[in-house]
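Going down the list, the protein sequences come from chains A and B.
FYI, numbering that gives the first Met the number 0 numbers position 64 of the first sequence as 63, with every residue one higher than the one before it.
FYI, numbering that gives the first Met the number 0 numbers position 200 of the second sequence as 199, with every residue one higher than the one before it.
Honestly, the hints are just simulated from the structure, not real lab data.
Note that CB positions come from ideal geometry on N, CA and C, so glycine has one too.
Quick list of in silico lysine to aspartate or glutamate cross-link-like pairs, EDC-like style, CA-CA up to 20 Å:
id	chain 1	residue 1	chain 2	residue 2
1	B	K106	B	D352
2	B	K179	A	E117
3	A	K12	B	E30
4	A	K12	B	E167
5	B	K27	A	D135
6	A	K138	B	E23
7	A	K59	B	E393
8	B	K35	A	E137
9	A	K12	B	E23
10	A	K50	B	E278
11	B	K102	B	D89
12	B	K27	A	E117
13	B	K27	A	E137
14	A	K50	B	E393
15	A	K8	B	E30
16	A	K50	B	D281
17	A	K138	B	E30
18	A	K50	B	E395
19	B	K376	B	E393
20	A	K12	B	D1
Pairwise CB distance ranges, derived in the manner of DEER restraints:
id	chain 1	residue 1	chain 2	residue 2	range
21	A	D121	B	D173	26 to 32 Å
22	B	E267	A	E21	30 to 36 Å
23	B	G186	A	T4	51 to 57 Å
24	B	E5	A	I6	36 to 42 Å
Far from chain B, by Cβ distances over 12 Å, these chain A residues were calculated:
id	residue
25	I6
26	L7
27	I140
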Amino acid sequence: MMEGTIILKSTHKGIGGIGEGEALVCQEPINLMADTGNVWEDASDTTFTSKTATPSVFGKNFSGKVLVFPTGKGGIFSSNIMMDVVAAGSAPKAIVNRRTHPVWAFLSIVLRIPLVDELDQDPCEVIKTGDWVKVDGEKGIVEITKRKK
Amino acid sequence: MDLTREEQQMLSGAEGEGYKKAMEILVKMGEYSGAKRMVPISWADLTTFSGRWGGHGDSPDNDMYNFLRAFEDLSLKENAKFKCPTTIVDASNEPGRNERMEKLGAKLVAPSGGSGPQDVFPLPLFGQYVAPGPTNVATYLNSMVGARGNNEGPVGVHMAALTGRIPEYGYLLDENRHGKVLVEVKGQLKNYIDWAVLGFYISKRLSTHYWDVPVLTGIDPITVTSDDIMSFCASMNHPGSVTHFLIEGLSPEAATLETAFDGKEPKETFIVGPKEMKEIYDMYAPSGNKPDIVTVRFPLTVERLYEVAHLLEGKRIHKDVSFAVILSNSAKLVAERYGLREVLESAGVLMGDRQGQVMWNGRIIDPWVDARREGIKTMVTDSLKDCNGVGQQEIEVALLPSLEAVINTAISGKIEV
Numbered sequence: 000m001m002e003g004t005i006i007l008k009s010t011h012k013g014i015g016g017i018g019e020g021e022a023l024v025c026q027e028p029i030n031l032m033a034d035t036g037n038v039w040e041d042a043s044d045t046t047f048t049s050k051t052a053t054p055s056v057f058g059k060n061f062s063g064k065v066l067v068f069p070t071g072k073g074g075i076f077s078s079n080i081m082m083d084v085v086a087a088g089s090a091p092k093a094i095v096n097r098r099t100h101p102v103w104a105f106l107s108i109v110l111r112i113p114l115v116d117e118l119d120q121d122p123c124e125v126i127k128t129g130d131w132v133k134v135d136g137e138k139g140i141v142e143i144t145k146r147k148k
Numbered sequence: 000m001d002l003t004r005e006e007q008q009m010l011s012g013a014e015g016e017g018y019k020k021a022m023e024i025l026v027k028m029g030e031y032s033g034a035k036r037m038v039p040i041s042w043a044d045l046t047t048f049s050g051r052w053g054g055h056g057d058s059p060d061n062d063m064y065n066f067l068r069a070f071e072d073l074s075l076k077e078n079a080k081f082k083c084p085t086t087i088v089d090a091s092n093e094p095g096r097n098e099r100m101e102k103l104g105a106k107l108v109a110p111s112g113g114s115g116p117q118d119v120f121p122l123p124l125f126g127q128y129v130a131p132g133p134t135n136v137a138t139y140l141n142s143m144v145g146a147r148g149n150n151e152g153p154v155g156v157h158m159a160a161l162t163g164r165i166p167e168y169g170y171l172l173d174e175n176r177h178g179k180v181l182v183e184v185k186g187q188l189k190n191y192i193d194w195a196v197l198g199f200y201i202s203k204r205l206s207t208h209y210w211d212v213p214v215l216t217g218i219d220p221i222t223v224t225s226d227d228i229m230s231f232c233a234s235m236n237h238p239g240s241v242t243h244f245l246i247e248g249l250s251p252e253a254a255t256l257e258t259a260f261d262g263k264e265p266k267e268t269f270i271v272g273p274k275e276m277k278e279i280y281d282m283y284a285p286s287g288n289k290p291d292i293v294t295v296r297f298p299l300t301v302e303r304l305y306e307v308a309h310l311l312e313g314k315r316i317h318k319d320v321s322f323a324v325i326l327s328n329s330a331k332l333v334a335e336r337y338g339l340r341e342v343l344e345s346a347g348v349l350m351g352d353r354q355g356q357v358m359w360n361g362r363i364i365d366p367w368v369d370a371r372r373e374g375i376k377t378m379v380t381d382s383l384k385d386c387n388g389v390g391q392q393e394i395e396v397a398l399l400p401s402l403e404a405v406i407n408t409a410i411s412g413k414i415e416v
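Isolated chain A, as found in the complex (with noise of 0.2 Å):
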């Protein structure tokens, strides 16, 4: 293990298997169809448009990142949405979340997105945006790799 490792555990098995990525850490929960407004007309373009609902990621993309961030929320579409935003080669590495909503967990399921949550401690607070984060969904781990300052 490399010094400056941090590992975070899951309570339970997480989903797919393993991703690795630099981190984009999302203080709000997430949903899709309203906070990633290009896909709409793109789906690679996966730029967080809100500034109101999401603000700690505005004008950011989670394409080729590992996505962390709190819940999903909002209705079904989260799902619909991810499925043409992996076609178009867009996915993030993998999704790390406090506690994972029922319609994230099936897309990760079918689109094999590694996902692991309920750490034993907070995503949120300890991985920062630019950190390397390696998740695996079979063990229910994260290591967490800080960024140089």
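Use these hints to put chain B onto chain A, whose structure you have.
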């Protein structure tokens, strides 16, 4: 997970690839969510559509539709059937889609009945496990009927319909159905729009921990209508995702606060009164612009239909305003039989087949998708769901506080509060 013989047989592939794949997905969900077993369901609903992001019932131009369609193809090839009573709204643009769903054993629901609890059949009963399609239906059935279901989206409900099973987690379990948060409601709620505002406030407040079941106290049960509750359920799923709540004296699992909280103390308490309600109304207050589109979003129940017809009798919608309503299936029958359709038609009201659709420049459009592109500047609605959905199109959406104000606005062509 502890699987029955029949479940193991589906998982092994002995009944075909379709059941096998569906069972694999459900087992993964079960293992992840800590479910110990699967439970049989009394009903699944495949109504999971919305415009461009169609799930089951919409246009075949998105990947979720294609994913589900590939599943259907496999099931049709293997002559498989949905293993529980299954319904789907008839709203597909694809020829032959209805026949395909019927072959798989689903029953069709007329379009306007598809998105709310008004026309659900077979109506789930207390304690039954269910897989509802639309989010607000899941909330209604959990909270007001005492049926048990989670909000799982198109993938979850399709696998549930096919296998007739769902993993036992979330709101299926006793321990997750008890109250955790006490909401003291102060002041009178005037109508279903007030109820939507109340739901929006609670949902926003609980958006990071919506699984902590809110219990409402301070509501006089005799004053509440089913329209109020349907409106409440719809807005409980916008800024947050409350799939189960309890109302003291109304919800079957909340005869008293003691029962609702299972004898425990609430872990959080907050008040919603006139000040909190105003906070939400202020977010969508009209600016005084001239309205382009006026809508009553949710399918009109029979009760609401009578109210709209009464307000419009002998009146005429303003020539510069597009005003649309849709009727629930039962309201449609009443409208035909008792002459209410003529009242609405002669006033110039457009009656659509699909929730949210309006006529604009001679074409049917969906403001959630098309508003900005179509040059719509101001929309007036009775629905916070519209405010949230159309709001991201960066146009002005104004919420009015009563159905009467909405109708008067459509008649005069300027916003009336």
